[in-house]
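J.: Here are the chains, one letter per residue:
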Amino acid sequence: MELNGFHCDAEGCAEEQEEEPKALRLPRSKTDASCSIIATPGADSAAAGGSALREQRVSKSTPAMLRLDSLKKNRPPFPWFGMDIGGTLVKLVYFEPKDITAEEEQEEVESLKSIRRYLTSHTAYGKTGIRDVHLELSDLTLWGRKGNLHFIRFPTHELPAFLQMGRDKHFSSLHTTLCATGGGAFKYEDDFRTMANLQLLKLDELDCLIKGVLYIYSVVSSGPPECYYFEHPTDPERCEQKAYNLENPYPLLLVSIGSGVSILAVYSKDNYKRVTGTSLGGGTFLGLCCLLTGCSTFEEALAMATEGESTCVDKLVRDIYGGDYERFGLPGWAVASSFGSMICKEKRDSVSKEDLARATLVTITNNIGSITRMCALNENIERVVFVGNFLRVNTLSMKLLAYALDYWSKGQLKALFLRHEGYFGAVGALLELPNPS
Amino acid sequence: MKLKCSRKPAFPWFGMDIGGTLVKLVYFEPKDITAEEEQEEVENLKSIRRYLTSNTAYGKTGVRDVHLELHNLTICGRTGNLHFIRFPTAAMHRFIQMGRDKHFSSLHTTLCATGGGAYKFENDFRTMADLELLKLDELDCLIQGLLYIDSVSFNGHPECYYFENPSDTQNCIKRPCSLDNLFPMLLVNIGSGVSILAVYAKDDYKRVTGTSLGGGTFLGLCCLLTGCETFEEALEMASKGDSTNVDKLVKDIYGGDYQRFGLQGSAVASSFGHMMSKEKRESISKEDLARATLVTITNNIGSIARMCAVNEKIERVVFVGNFLRINTVSTKLLAYAMDFWSKGQLRALFLEHEGYFGAVGAFLELLKSSDDA
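Residue numbers (our numbering), protein chains in the order written: chain A, 1 to 437; chain B, 1 to 373.
Some hints here could point you the wrong way.
Unchecked claim - Below, simulated BS3-like cross-link-like pairs (lysine-lysine); rule was C-alpha separation at most 30 Å, straight line:
no.: 1; chain 1: A; residue 1: Lys410; chain 2: B; residue 2: Lys120
no.: 2; chain 1: A; residue 1: Lys347; chain 2: B; residue 2: Lys120
no.: 3; chain 1: B; residue 1: Lys280; chain 2: A; residue 2: Lys202
no.: 4; chain 1: A; residue 1: Lys347; chain 2: B; residue 2: Lys135
no.: 5; chain 1: A; residue 1: Lys345; chain 2: B; residue 2: Lys280
no.: 6; chain 1: B; residue 1: Lys31; chain 2: A; residue 2: Lys353
no.: 7; chain 1: A; residue 1: Lys146; chain 2: A; residue 2: Lys98
no.: 8; chain 1: B; residue 1: Lys332; chain 2: B; residue 2: Lys343
no.: 9; chain 1: A; residue 1: Lys414; chain 2: A; residue 2: Lys242
no.: 10; chain 1: A; residue 1: Lys169; chain 2: A; residue 2: Lys146
no.: 11; chain 1: B; residue 1: Lys278; chain 2: A; residue 2: Lys347
no.: 12; chain 1: B; residue 1: Lys368; chain 2: B; residue 2: Lys102
no.: 13; chain 1: A; residue 1: Lys242; chain 2: A; residue 2: Lys399
no.: 14; chain 1: A; residue 1: Lys127; chain 2: A; residue 2: Lys353
no.: 15; chain 1: A; residue 1: Lys202; chain 2: A; residue 2: Lys127
no.: 16; chain 1: B; residue 1: Lys174; chain 2: B; residue 2: Lys240
no.: 17; chain 1: A; residue 1: Lys347; chain 2: B; residue 2: Lys60
no.: 18; chain 1: B; residue 1: Lys8; chain 2: B; residue 2: Lys31
no.: 19; chain 1: B; residue 1: Lys280; chain 2: A; residue 2: Lys410
no.: 20; chain 1: A; residue 1: Lys187; chain 2: B; residue 2: Lys280
no.: 21; chain 1: A; residue 1: Lys345; chain 2: B; residue 2: Lys286
no.: 22; chain 1: A; residue 1: Lys345; chain 2: B; residue 2: Lys120
no.: 23; chain 1: A; residue 1: Lys353; chain 2: B; residue 2: Lys280
no.: 24; chain 1: A; residue 1: Lys414; chain 2: B; residue 2: Lys206
no.: 25; chain 1: B; residue 1: Lys240; chain 2: B; residue 2: Lys278
no.: 26; chain 1: A; residue 1: Lys127; chain 2: A; residue 2: Lys169
no.: 27; chain 1: B; residue 1: Lys280; chain 2: B; residue 2: Lys240
As the list claims (entries may be wrong) - These stretches of chain A come out as covered by chain B in the derived footprint (C-beta under 8 Å, 3 or more residues):
no.: 28; segment: 138-148
no.: 29; segment: 278-287
no.: 30; segment: 317-324
The set of hints was computed from the structure by calculation and includes no laboratory data.
Quick caveat, the model's predicted, so the values are computed rather than measured.
Heads up, the beta-carbon is just placed ideally off N, CA and C, and yes, glycines get one too.
Based on the provided sequences and hints, a complete structural model is requested.
T.: Here it is as structure tokens:
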């Protein structure tokens, strides 16, 4: 039986097939994080023992040379996934090889083929899984293979269904490393093992985030620019998205807005620190919106927010001062107290759900902007990159952030955005595939 | 703190802080009035004094905080009691009306006022009650008022306090402290909104930043989420609720601590994060929502205050403002947060007269001014 291009002795494979339901029997290194079957030259010999033996039995035919080649180049077996299991969403990146030779295809295991077909021939999976086709990166060369990188997401609460699918498709028999990051990589580690016989290689979410950002930025060479900013963000007539050259990115303040928020100061590719965070993030926006307006999804909440007016919900400086608070440079239109007008019953009765959704969006966004600005000041960094799925299809927040940062810093700070928004953690996880420990 | 009283202004002596939600009024009741003085006293002045000191509630919404009264205060050569009164800013026009009905303008006194409302209602005072306001900056007044009250002490007791063992719910004790080495201090004023000031000396301070997520946000959101109508109701509900049913904690995402960056499982990762799930929405109570709102707003303020303290290199963080009135949940949370997240480097301090310092500062300005406005 072929395992992704490895010949193995019949006995070994038969054994494995028989014992499939048990824990994945892979040569293990000392750290339980490792699960790769790759026999890398110079790798931990105890771990690689089994497969190294198998390697010697590989025939000399062309596909086999390709596989040998693979091994020598430290190339992991297919499929190549990276997974980021967040508080609200699971982000999955999948590399679809497009340079598969006829022989390789012939030898390809059925389950691997079926996975590839399933993922690439659909853009929706089940009721809640989505492939963001507009983010697909084509003709990517990764570890010597050419293919397309796909970006898929589904709600974290659907993970059991995902695991079930992994089990049904005998994913564990593919013996690949499943690189996963995000809190869920830790929380669901046991479920992966017991429900789908899969061992996760757990990675830190912030490490992956940074690696992912640097990688994607470096490979996007055509199509819409990865990094952009807004010129005249609050002027609907003149507002423009413009490309930004992030070639010399350091130092950078990276603000990741997911369910919650982490703020990182990045000084070089290997040198960063988590400056702070805030629990008022995307999850707060959605949670509060659901409570206040009865909506159920992020898209609904955004649609409502687009229609509403927050100024009747918030108490502005001019509502308190009758104009500007000149002494400290606070313009009359600045919000003095978010939701402050809602202490009055009359006002409560006069606002719409859309107004409430808008006020929630503005409150959360401005709070993030404010905290970000303080961090940028403290850390002496002028460039701020915002990522995370709170900004997905959320131009309203992006423009607000762009404007707020510019206005309150008097033009010192610049808000930057990246097209692949919330997928960087998953990309970073994918990039760890060749490094089993 | 000695006041330079160039001239004693005419009674009555008031200081007013017209905020976004509440009007704070301090009134000096002279107790050393001689028989002659009383005889010469104008009727409406007497009636004002009687009205204020013989009631503890005014109309439907005015309240005199008797427990905060400063007894036997000697100021500018007069001895008397300093009273602390508050009413909602929404009742402002009724107050001005009362001023007109009591012919306040005939008393020709300066009415020192601070807060945004001093600007917003300036014309109303003039047109409705023929009163001219001496407008003062709210942050100037805040600091002067705070320094003064601390200097005269609270009827012989310390004005300032902190919590010992803030992280220990069983052994958390309120302890007095003296603001001897006051400066530098980070002053966090939590009203409808929040202002954060770095104060280096009596006359040297800067507004570091602010946040619009303040007391007004807490009350506004609570009213929307729970149907309550007053601050007291909102606090009552919050004291009974459990925010962990509403918030998504680190352990809900990680299954435990997020060790790499020192985030305990019990830390909130996403405020209200559970509320995107219909099931969870249906399983929580109004009290849980009120609690979550309180915790979210309080922790956000704490977090921002801490960042400012670190940036300004100040260890003492003083919290004032009426958001903290009768609000021990928030006070203790702030004490805990400052201590915990700074690993004991920062200390949260509180003051008994909470939200009245602006009004006191305005009152002091009355005594400093040598001319009537």
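J.: State for each hint whether it applies.
T.: Hints versus structure:
no., hint, in the structure
1, Lys410(A) to Lys120(B), "holds (27 Å)"
2, Lys347(A) to Lys120(B), "holds (19 Å)"
3, Lys280(B) to Lys202(A), "holds (29 Å)"
4, Lys347(A) to Lys135(B), "holds (29 Å)"
5, Lys345(A) to Lys280(B), "holds (28 Å)"
6, Lys31(B) to Lys353(A), "violated (55 Å)"
7, Lys146(A) to Lys98(A), "holds (6 Å)"
8, Lys332(B) to Lys343(B), "holds (16 Å)"
9, Lys414(A) to Lys242(A), "holds (12 Å)"
10, Lys169(A) to Lys146(A), "holds (25 Å)"
11, Lys278(B) to Lys347(A), "holds (27 Å)"
12, Lys368(B) to Lys102(B), "holds (26 Å)"
13, Lys242(A) to Lys399(A), "holds (13 Å)"
14, Lys127(A) to Lys353(A), "holds (27 Å)"
15, Lys202(A) to Lys127(A), "holds (27 Å)"
16, Lys174(B) to Lys240(B), "holds (22 Å)"
17, Lys347(A) to Lys60(B), "holds (20 Å)"
18, Lys8(B) to Lys31(B), "holds (16 Å)"
19, Lys280(B) to Lys410(A), "violated (43 Å)"
20, Lys187(A) to Lys280(B), "holds (19 Å)"
21, Lys345(A) to Lys286(B), "holds (18 Å)"
22, Lys345(A) to Lys120(B), "holds (22 Å)"
23, Lys353(A) to Lys280(B), "holds (21 Å)"
24, Lys414(A) to Lys206(B), "holds (25 Å)"
25, Lys240(B) to Lys278(B), "holds (23 Å)"
26, Lys127(A) to Lys169(A), "holds (19 Å)"
27, Lys280(B) to Lys240(B), "holds (18 Å)"
28, 138-148, "violated (count 0)"
29, 278-287, "holds (count 9)"
30, 317-324, "holds (count 6)"
Checked against the numbered hints listed earlier, the structure breaks hints 6, 19 and 28; every other hint is satisfied.
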